[in-house]
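Engineer: Based on the sequences and whatever the hints tell you, model everything.
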Amino acid sequence: MKTNSSNPNEDIQAIREIMERSSKFLSLSGLAGIFAGVCALVGAAVAWFFIFDSGQIRYSGHLQNYISSINSGIGFYLALDALLVLVFAVLGAVYFSFRKAKKAGRQFWTNSTRRLLFHLMLPLVSGGFIILILIFRNKPDMVISFMLVFYGLALVNAGKFTFSEIHYLGLTQIVLGILAAVFINYGLLLWAIGFGLMHIVYGTMMFYRHERKK
Amino acid sequence: MKNPITNLQKVFDSRIRLGIMSALMVNDTLDFNALKELLGLTDGNLASHLKTLEQQKIIAVSKQFVGRKPSTTFKATELGKNLFRKHLVALEELINNQ
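From first to last, the protein sequence lines stand for chains A and B.
Residues 1 to 214 in the numbering used here are what the first sequence lists, from first letter to last.
Residues 1 to 98 in the numbering used here are what the second sequence lists, from first letter to last.
Any given hint could turn out to be false.
Which bits of chain A does chain B cover? Going by a derived footprint, with three or more residues having C-beta under 8 Å, they are [as the list claims (entries may be wrong)]:
| # | segment |
| --- | --- |
| 1 | 131-145 |
| 2 | 159-172 |
So the derived list for chain B, only partly shown, Cβ under 7 Å to chain A, looks like this [unchecked claim]:
| # | residue |
| --- | --- |
| 3 | VAL11 |
| 4 | GLY19 |
| 5 | SER22 |
| 6 | ASN27 |
| 7 | ALA34 |
| 8 | GLU37 |
It should be emphasised that the hints constitute simulated quantities derived from the structure, not laboratory data.
Where a beta carbon is used, it is the ideal one built from N, C-alpha and C, also for glycine.
Structural biologist: Shown next as structure tokens:
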């Protein structure tokens with residue numbers, strides 16, 4: 001680091017760089033988004049082909065009869081499927097972000113990381129509780145909508161502390177979530193678009209904008 | 001036209017002090033380790049620059065214990081923030097007049 005400044009342009013640049021680096025989590029990798037999207041698409045395909053028997057079982061109305069309790073076949077497999085997608089997606093996000101931080105010679109666990117996680121987890125955990133309550137009260141028809149909306153709110157909330165794409169990904173998820181509440185029959189499709197396709201689209205965009213050019 | 005140089009703050013001539021202050025403008029408080037990590041400095045080097053900023057009342061220091069470990073956190077004072085803004089305006093004017 002230079003000690004004396006003679007060039008105001010360089011000074012301004014240094015100020016901007018430090019402000020950004022000290023307030024934002026820049027280790028988030030687009031690859032994490034792509035990987036999470038692929039996990040979600042696989043999970044949605046498993047749900048469609050195996051659990052819903054290629055559409056023989058409809059998501060709404062009908063489903064209510066099938067999920068009499070979390071222990072009944074379909075409810076259990078759907079929950080297991082969703083949980084596996086979540087676990088793999090989170091592991092992927094940690095792995096790719098850790099890798100990006102290491103490559104850039106940055107620390108992974110910093111103030112910005114903690115701040116990002118806190119703002120992400122607050123709406124996410126709240127939504128998680130609401131969704132569990134819906135499931136245990138045997139009201140599964142709004143589960144997909146709530147998943148998308150709460151995830152979207154979490155991303156918008158956390159978006160202030162990382163790349164701006166996360167903010168827009170969050171807005172997209174909220175819109176999809178509201179659509180999923182209106183078109184309950186298309187819940188699984190909208191879930192696959194939100195958690196699958198959109199992660200891949202935004203992940204690719206982030207990768208090309210922030211990682212490839214170097 | 002007045003000379004923008006007069007508004008440049010001597011204390012921010014140092015890129016390191018400028019860096020510390022930039023970080024404290026966007027974070028309410030930062031502890032010693034966070035600053036060290038952010039700026040990639042040695043303990044001694046960072047401490048001496050922090051001392052200078054503290055003496056000029058640009059930053060405020062508070063010491064507390066987290067569990068049994070002492071922890072020192074730093075924040076920008078109102079005076080410090082004003083001086084930093086003045087410095088930024090002066091830098092901008094310099095660039096515009098080039």
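Engineer: Each hint needs a verdict: does it hold in this structure or not?
Structural biologist: Consistency of the hints with the structure:
For the segment 131-145 of chain A, the stated coverage by chain B is not satisfied: 0 residues place a CB nearer than 8 Å to a CB of that chain, which falls below the threshold of 3. Proximity of the segment 159-172 of chain A to chain B, defined as three or more residues with a beta carbon under 8 Å from a beta carbon of that chain, is not established by the 0 residues found. Evaluation of the VAL11/B hint against chain A yields a violated restraint, the C-beta minimum of about 12 Å exceeding 7 Å. Against a cut-off of 7 Å between C-beta atoms, the interface hint on GLY19/B holds, since the closest Cβ of chain A lies about 5 Å away.
Below 7 Å, beta-carbon pairs count as interface contacts, and SER22/B has one with chain A at about 4 Å; its hint therefore holds. The interface hint given for ASN27/B is met, as the beta carbon of that residue sits about 6 Å from the closest beta carbon of chain A, less than 7 Å. Given the 7 Å rule on beta carbons, the hint for ALA34/B holds: about 5 Å separates it from the nearest Cβ of chain A. At a threshold of 7 Å, the smallest CB-CB gap from GLU37/B to chain A is about 5 Å, leaving the interface hint in force.
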